[in-house]
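The lines below spell out each chain.
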Amino acid sequence: MSKAWHQTTAVMNFEMRKFFAGRKWFFPVLLAAGPVMLATMLVLFGRQHPPNNSDVTEVFAVLFQTFILRLVIVFGCALVFANLYRGDMVTRTIHFYLLTPIRREVLVGGKYLAGLLTTATLYGGMVAITNILFHSVNGQAVAEGHFFSGPGMSQLFTYVGIAVLACVGYGSVFMLTGFLFKNPAIPAALVVVWESANVFMPAALKKISVVHYLQSITPVPIPFGPFAVITAPASVFVSVAGLAMFTVATLTINALLMRKAEINYSSD
Amino acid sequence: MAVHRRGYRRYDGSLTPERWRFWILARYAFSRVFQSRLLVIFYVICFVPTVLALSAVYLSHNVDLLASMFPHAQLPSTELLPVNAEFFLFLMAIQATLSVFVTALIGPGLVSPDLTNNALPLFFSRPFSRAQYVLGKFSVLFVLLSLITAAPMLLIYVLKSALAGSQWFIDNIHLAFASLVGSLLWVMLISLVSLASSAWVRWRPAAAGMLFALFFIPAGFGAAANEIMRMTWGSLLNGTVLIGTVWNSLFFINDPAGYARAADALSEMPDTVGFLPAWSAWLMVAALCAASLLLLNRKLRAHEVVR
Amino acid sequence: MSGANASPSGRSHQEMSGANASPSGRSHQEMSGANEIVFTDVSKFYGEVLGVNKINLRIGPGITSLVGPNGSGKTTLMNLMTGLIRPTRGDIEVLGTRTGDPETFYRKIGYCPQFDTFPKGVTGFGLISSLLRLHGCSKRDAEDTAGRAIEQVHMTDAAHRRVAGYSKGMRQRIKLALAVAHQPAVLVLDEPLNGLDPMARAESIALFQKLAESGLFVIVSSHILHEVDIISDSVVMMSNGYIVAEGDIQDVREEMSEHPIGILVRCDNPALLARRAFSENHVVEVRIEDDGTGVLVRTRSADQLYMLINRVVLEDKMTIEGVIPIDEDVHSVYSYLIGADGAVRL
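From first to last, the protein sequence lines stand for chains A, B and C. Heads up: the first sequence begins at 1 in this note's numbering, then just goes up one per residue. Heads up: the second sequence begins at 1 in this note's numbering, then just goes up one per residue. Heads up: the third sequence begins at 1 in this note's numbering, then just goes up one per residue.
FYI, nobody ran anything at the bench for these hints, they're computed from the structure. The beta-carbon is built from N, C-alpha and C at its ideal position, and this holds for glycine as well. Some hints here could point you the wrong way.
[Said to hold, decoys possible] In the BS3-like style, the derived pairs of lysine-lysine whose C-alpha atoms are separated by at most 30 Å in a straight line are: (1) A:Lys206 with B:Lys299; (2) C:Lys210 with A:Lys260; (3) B:Lys299 with A:Lys24; (4) A:Lys206 with A:Lys182; (5) A:Lys182 with C:Lys120; (6) C:Lys168 with C:Lys210; (7) A:Lys3 with C:Lys139; (8) C:Lys108 with C:Lys120; (9) A:Lys206 with A:Lys3; (10) C:Lys120 with A:Lys260; (11) C:Lys139 with C:Lys168.
[What the hints assert, rightly or not] Chain C regions said to be covered by chain A (calculated; three or more residues, Cβ under 8 Å): (12) 100-108; (13) 114-124; (14) 133-143; (15) 214-223.
With the sequences and hints as input, model every part of the structure.
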């Protein structure tokens with residue numbers, strides 16, 4: 001077990017080195033900067049006519065569920081996770097891994113954990129910073145009251161947890177699509193459209209999505225308009241356990257497929 | 001070394017004039033593009049809305065024919081389908097949406113493979129400049145997209161003029177001008193953005209994904225900014241609103257009331273707040289084109305310096 | 001090269017037929033799967049395109065060269081041997097281990113592939129030390145080992161520069177360092193001398209020979225036939241996905257009876273030798289050199305010719321300056337068997 005863990009951390013280490021040494025970090029970080037920039041703009045320019053705290057909470061909830069969850073995290077995970085395998089195939093460097101004494105399942109696990117560590121840190125951190133900045137628009141005293149005396153701290157942890165869970169779920173999906181498809185942009189686009197249209201789907205189809213379970217555990221519900229289909233949210237246990245099981249199943253499929261993988265560096 | 005038998009002779013035939021050399025690149029790109037069956041099928045589908053629109057224009061001038069096809073229908077005595085600015089705007093919106101998908105299918109494959117496979121030195125070691133390279137690649141998209149955007153509009157205009165008479169042609173010449181300029185502006189914008197993203201990310205699937213991302217993510221960011229800051233400038237990041245505002249300013253150039261109506265309709269779209277000044281939209285389009293050209297200038301080089 | 005029993009690789013025929021000789025000369029008792037690379041009826045198809053077909057091969061320690069024209073299946077064979085691709089049919093064992101057990105398999109094998117691509121942004125040292133950690137080395141051990149491997153290929157000065165800034169020869173040397181860093185028992189090198197300057201080529205060849213002498217299996221593919229001649233203990237010749245010849249080059253040459261062996265004898269009395277040679281049944285052609293200092297004899301049996309030369313020396317007191325086989329090298333065998341157009345001539 002310790003050898004497998006040692007190799008897993010070695011893979012993670014190498015992936016992080018490649019991620020930051022090349023230019024792969026640019027777009028995921030740019031995506032993460034978006035909400036932070038919005039929050040900064042609010043703090044810098046919104047102080048003249050600041051919204052009251054409950055409005056800020058609701059505005060952040062709308063921003064989180066419509067922009068951060070459905071666009072930023074989805075695209076960011078697609079960029080990071082789809083590249084983990086497909087990027088190595090395109091750059092013709094996957095053979096470096098395959099020529100080492102590492103089980104293919106360990107390789108898949110190590111790559112996934114590297115992607116998860118990157119995205120969870122990036123987007124979890126982004127959510128935390130954005131939330132804190134939003135609530136500081138009314139001044140330090142109001143912010144402290146919101147976080148330390150009010151529901152702010154639990155909401156903050158919940159939002160960060162949801163962002164991390166989103167990275168867990170979307171990460172496994174995009175890693176598998178990156179493995180299966182020579183052009184992972186198409187399945188990524190389909191996932192984005194499916195997740196975005198989730199609010200308008202019937203209950204049975206809603207459950208076949210990551211965002212349904214994430215939305216179920218958001219601390220502040222938001223209206224999605226007159227055409228949204230309202231369904232009972234899943235419980236926290238079902239959401240977290242369901243996502244975990246889904247991720248394990250996806251990664252298992254990925255590992256089994258990886259065992260049979262051969263090097264075939266044909267051009268796109 | 002003495003050469004006893006000179007078997008090698010330099011080419012002494014005619015050379016392609018320098019101003020047309022970019023077209024060589026385009027010719028080869030066209031042949032590669034049409035090898036994709038998916039693209040050919042989708043490209044044909046892009047003409048369906050035009051065919052429907054042409055049929056509708058024709059039938060609206062032949063009410064008798066329509067009455068014979070639908071004998072029990074209550075047909076109005078006035079013009080069935082008014083061919084006006086709103087009509088052209090509606091059709092242009094449909095064709096523009098289809099053109100985005102065509103661009104996503106063609107654009108990434110134009111520049112990315114040359115960068116990935118290190119082919120640029122092969123081009124630039126010949127009497128072929130970077131500007132000609134960009135022009136050659138750009139012309140592929142320009143021609144193909146113009147055929148599904150500008151050409152259908154002009155066709156409809158010509159058909160309507162033929163059916164309605166020369167007076168209609170003269171009175172509505174601004175519609176032809178607006179649809180031609182508006183379509184070509186849109187084609188230029190998405191072509192340059194597509195080429196730039198293809199040069200930036202180098203990997204074809206990523207370039208395709210980036211094109212879609214450039215439509216969704218800035219629009220989402222802009223909508224959020226509008227909501228948070230209670231302003232309208234965020235709509236400059238929304239491609240639909242941006243080009244819609246530019247088109248409105250072209251179609252209603254002498255019709256302030258019509259412009260106000262159209263701008264109202266645009267502002268009622270999801271995620272937009274209020275009006276966007278036309279000059280800002282034009283400026284943004286120019287800035288995007290300029291930024292794309294700057295990026296292409298930076299990325300398309302025959303060598304790469306690694307430190 | 002002089003002496004009747006010399007061979008291109010420097011090893012004599014007597015040595016080669018003994019227990020320590022090249023794979024084809026080894027006795028059955030010494031042949032065991034655990035000490036060989038064994039291909040059993042291996043075929044690989046890429047859809048309808050043939051990669052290799054019905055390969056039955058046993059490779060022993062020492063330097064074995066894979067020779068063949070482009071598209072003959074050398075790289076496919078190497079990729080099969082190193083587990084990067086799986087055979088459509090057949091079985092491959094490397095020192096008793098199969099590719100399905102990567103943790104054992106890849107400790108034994110080091111591969112320097114043809115692919116000239118590297119992860120973006122990494123340095124030579126960073127790449128080797130990171131991959132050594134996947135072998136189970138601690139960070140410190142990985143760095144020390146990486147340093148030694150880089151020193152072995154004389155890349156210490158450039159080790160901490162980005163690989164993207166390396167010349168082709170430097171990238172080739174880093175690939176070599178990567179292949180040898182974990183001290184494998186089998187070293188598979190796909191055109192390892194590509195892009196190297198003459199000094200670097202000589203150093204690399206010396207390294208391969210040193211590794212082979214220490215008991216490693218070194219499998220090299222190359223187009224540079226005179227280098228293959230110098231370094232190889234045995235040769236595997238491929239064409240169109242088939243093995244057309246394998247083993248010690250002289251043994252292969254002797255089996256090619258349709259191409260009489262040419263031997264140039266430099267002596268003081270070429271006319272005498274020519275007269276005596278003409279009377280032998282195994283001699284097909286005799287030609288005295290233009291400068292009158294030697295005679296070229298084509299024979300179906302080199303051993304009988306050598307015995308004739310010995311008799312002439314003893315009986316007629318002829319002085320021999322040199323006995324040179326002119327087509328007992330890889331180049332000649334290649335051109336006879338495969339030819340310039342790559343077609344097999346059997």
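Evaluated hints:
{"no.": "1", "hint": "A:Lys206 with B:Lys299", "verdict": "violated, 43 Å"}
{"no.": "2", "hint": "C:Lys210 with A:Lys260", "verdict": "violated, 36 Å"}
{"no.": "3", "hint": "B:Lys299 with A:Lys24", "verdict": "holds, 16 Å"}
{"no.": "4", "hint": "A:Lys206 with A:Lys182", "verdict": "holds, 28 Å"}
{"no.": "5", "hint": "A:Lys182 with C:Lys120", "verdict": "holds, 20 Å"}
{"no.": "6", "hint": "C:Lys168 with C:Lys210", "verdict": "holds, 24 Å"}
{"no.": "7", "hint": "A:Lys3 with C:Lys139", "verdict": "holds, 14 Å"}
{"no.": "8", "hint": "C:Lys108 with C:Lys120", "verdict": "holds, 28 Å"}
{"no.": "9", "hint": "A:Lys206 with A:Lys3", "verdict": "violated, 41 Å"}
{"no.": "10", "hint": "C:Lys120 with A:Lys260", "verdict": "holds, 26 Å"}
{"no.": "11", "hint": "C:Lys139 with C:Lys168", "verdict": "holds, 28 Å"}
{"no.": "12", "hint": "100-108", "verdict": "holds (count 6)"}
{"no.": "13", "hint": "114-124", "verdict": "holds (count 7)"}
{"no.": "14", "hint": "133-143", "verdict": "holds (count 4)"}
{"no.": "15", "hint": "214-223", "verdict": "violated (count 0)"}
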